[in-house]
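Taken in sequence, the protein lines are chains P and C. Okay, so the first sequence: first residue is 1 according to the numbering used here, each after it adds one. Okay, so the second sequence: first residue is 1 according to the numbering used here, each after it adds one.
No lab work stands behind these hints: they were computed from the structure. Yeah, the Cβ is synthetic: ideal placement off N, Cα and C, and Gly gets one too. Among the hints, erroneous ones may be present.
Said to hold, decoys possible - Sample of chain P residues lacking proximity to chain C, with all beta carbon distances greater than 12 Å (derived):
#	residue
1	THR86
2	PRO123
3	ARG213
Said to hold, decoys possible - Footprint (simulated), chain C over chain P, 3 or more residues, beta carbon under 8 Å:
#	region
4	155-165
5	189-201
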Amino acid sequence: MDVQLRIRRYNPEADDEPHWEEYTVPAEPNDRVLDLLHHVKWYQDGTLTFRRSCAHGVCGSDAMLINGRNRLACEYLVKDAGPQITVEAIRGMAVLKDLLVDMEPFWESYRQVKPFLVNDEIPVDGKERRQSPADRDRFEDTSRCILCAACTTACPVFWADQSYVGPAAIVNAHRFIVDSRDTAKEERLQIMADPDGVWRCRTTFNCVEACPRDIKITRAILEVTAEIGKAGLR
Amino acid sequence: MTTTTRRPRTIYTNPSRAARPKPEASGRERFWWYFMRLSGLALVFLALGHMFIMHVLVELTGGEIDFAFVQSRWGTPFWRIYDFLLLVLAFVHGANGARIVIGDYVANRTARNFLIGSLLVVSGIWLILGMAVIVFFDPNTAPPVGPFS
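Isolated chain P, as found in the complex (with noise of 0.2 Å):
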């Protein structure tokens, strides 16, 4: 079967707008969009660009808006996709070229949740920290992110305002402010409290439906608001 694909091109070294562009691609139903665009570039028009790196959905480079909703390009389909697809970068993000954005917004509100467990207390043993198998499953579901900004970038709120921490922040303070081992959850709730935290989440419910590893994000939301309350921060 034949696929048009739709993708909206931007080359910021002509254009003044992006521009939508058309192709015919030979595909099988069990194709993924990735494969697609992968035939554009390297059979139709070698200037197509995107990213892509493990192409088996465990990265998180491809995200991409197809048919109106963020996924995985190297997940998605053919079959599910239909005869008729539309492709275009993730939103609220600069545009660098096609398919590409410059993704520096996302990682500043990740570095700032500092995404790694602290603790400079010795383990008891000397050895490892221990936890129970119910410590545990408290951060099993956002320990899963793959940081491929599908959430942050399909919330409203990060498109009006990329100063909003996002959804994708949230998740990954999550995972270590419910950690029973790590010790910096009172920083953490701090910048979750702020202004631009998550008191910004309009709970639309957006990036639960845009994450690739259906990670309950406003039930993590939600987690921290009531550990904010719990710490006693107003």
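Keeping the supplied structure of chain P fixed, place chain C upon it in accordance with the hints.
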């Protein structure tokens, strides 16, 4: 390598979180966050009840919304409290929603403060007028006489 400088497609309203002042917990935003959710829930019932009475029940019983109708309803404290709650919750919910939208879309600090300030003044005056009508309404007065009566 060419060094063409072109403006990015998206102008970030705030390019750097790192350059911002230290994050601070905000009790105010926390209050509004919970207020919006709780008042929203209450308004589902209050507003639907209001719609049902004013636009369905009145039609079905062949009644008319006139001074006598208001007189009979606001003769009981229950409907006064009902309408008072509806007015205050809907108004504050709406005004705070508008404040948040302004905060999202107006990046210029002066313009934002001006808009939010104006919103506060205008909605404050309207809210007080509405509350005054409900609180001071006297069901024993005669219907008003004027060009619209």
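Report holds or violated for chain C covering the region 155-165 of chain P, Cβ cut-off 8 Å, minimum 3 residues. holds (count 6)
Okay, the region 189-201 of chain P and chain C, do three or more residues pass the C-beta test at under 8 Å? This one holds; 12 residues, not fewer than the three required, reach chain C with a Cβ under 8 Å.
With 12 Å as the threshold, tell me whether THR86 (chain P) passes as away from chain C on beta-carbon distances. 18 Å, holds
Does the no-contact call for PRO123 (chain P) survive, Cβ to all of chain C over 12 Å? Given a closest Cβ separation of 30 Å, the condition holds.
Given as non-interface: ARG213 (chain P), which should sit over 12 Å from chain C by C-beta: 24 Å, holds
No hint from the list above goes unmet by this structure.
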